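Going by full-length UniProt numbering, the residue at position 15 of the sequence shown is 15; the numbering climbs one at a time, nothing skipped.
Think of the hints as simulated: they come from the structure by calculation, not from any bench.
Mixed in with the good hints, there may be bad ones.
[What the hints assert, rightly or not] Here are the in silico distance ranges between beta carbons for each label pair:
id: 1; residue 1: M1; residue 2: D159; range: 22 to 32 Å
id: 2; residue 1: A168; residue 2: L206; range: 31 to 41 Å
id: 3; residue 1: N28; residue 2: D172; range: 12 to 22 Å
id: 4; residue 1: L2; residue 2: R232; range: 19 to 29 Å
id: 5; residue 1: G14; residue 2: I211; range: 27 to 37 Å
id: 6; residue 1: A72; residue 2: L206; range: 16 to 26 Å
id: 7; residue 1: D52; residue 2: E198; range: 15 to 25 Å
id: 8; residue 1: Q158; residue 2: K32; range: 44 to 54 Å
Keep in mind the model is a prediction, meaning the values are calculated, not measured.
Positions of the beta carbon are idealized from the N, C-alpha and C atoms, including for glycine.
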Amino acid sequence: MLDSFFEDTIAEIGPPQRCIPMTPEQENRLSKQLPASFMAFLLQYGFGDYFDRKVQYCDPAEFSPILALVFAGDPDFSHRDCFVVGYSAFGRLICWSQRHDQFEIDLVDLRMTSRKLAPTQFILPPGTIKRERSTDPNVLARSLLVSDQRDYEEFDAQDQPMFARCRAMHGDLERNECYGYFPAIATVGLDSPVRRVENIRRVAALEHFAILAQLGTFHLMRLERGQYTAVRPIG
1 MLDSFFEDTI AEIGPPQRCI PMTPEQENRL SKQLPASFMA FLLQYGFGDY
51 FDRKVQYCDP AEFSPILALV FAGDPDFSHR DCFVVGYSAF GRLICWSQRH
101 DQFEIDLVDL RMTSRKLAPT QFILPPGTIK RERSTDPNVL ARSLLVSDQR
151 DYEEFDAQDQ PMFARCRAMH GDLERNECYG YFPAIATVGL DSPVRRVENI
201 RRVAALEHFA ILAQLGTFHL MRLERGQYTA VRPIG
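Could you build the full structure based on these sequences and the hints that come with them?
Structure follows, in structure tokens:
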């Protein structure tokens, strides 16, 4: 039975598209790794996609090697208990950890964000009561379901959205594909003018992500007043 949040969100944005049902082996394995609320979603819909493949859901086993490359010998993160459940069209990995709950890895910008380990800093108005974050994994897993396609947009050097223009210029993504920068942003600087639709190619996601994961040191980042600040390097 679906969690009420999942039901409400799917009623608003629709079910995932082009779904591949889970196999019995996947169900047995993932039921030991993922919260019951998200498992119920996968059992009902399988591995599908949203917003014209702006986000694709996947079997975490496929992307475990990518996490091993990103984490290396990090003391807090391990590919053995962290799982990629989905990814964006440009290389943001949507992850779940039994220790750290939901977090994301941006392979393009070598950035990791975690609401638990590096929460966003808010300045609350006087008299405001701070709400405690839930510790229930079934509630925390709600953030694994994409609810707003704007959350997974990519922006060019002029801060203009790219996804629709990439589709028009390079064609729609097939399953297991992504849009990749050539040259990779990590090799030319994060503020490079290379961030242009003309420098995008459609490529196999797994192979491209493996390359991006080896191009530099990732950093755990905190969002403060709309700006990312580094907390510490990963690995």
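Each hint, compared with the structure:
With their beta carbons about 42 Å apart, M1 and D159 fall outside the hinted range of 22 to 32 Å. Between A168 and L206 the beta carbon distance is about 25 Å. The supplied range of 31 to 41 Å is therefore violated. A beta carbon spacing of about 33 Å between N28 and D172 contradicts the range 12 to 22 Å that was offered as a hint. Between L2 and R232 the Cβ separation comes to about 37 Å, which falls outside the hinted range of 19 to 29 Å.
Evaluation of the 27 to 37 Å hint for G14 and I211 yields a pass: the beta carbon distance comes to about 33 Å. Between A72 and L206 the Cβ separation comes to about 19 Å, which falls inside the hinted range of 16 to 26 Å. The given range of 15 to 25 Å is respected by D52 and E198, whose C-beta atoms sit roughly 20 Å from each other. At roughly 46 Å, the beta carbons of Q158 and K32 sit within the given window of 44 to 54 Å.
Comparing the model with each earlier hint shows violations of hints 1, 2, 3 and 4; every other hint is respected.
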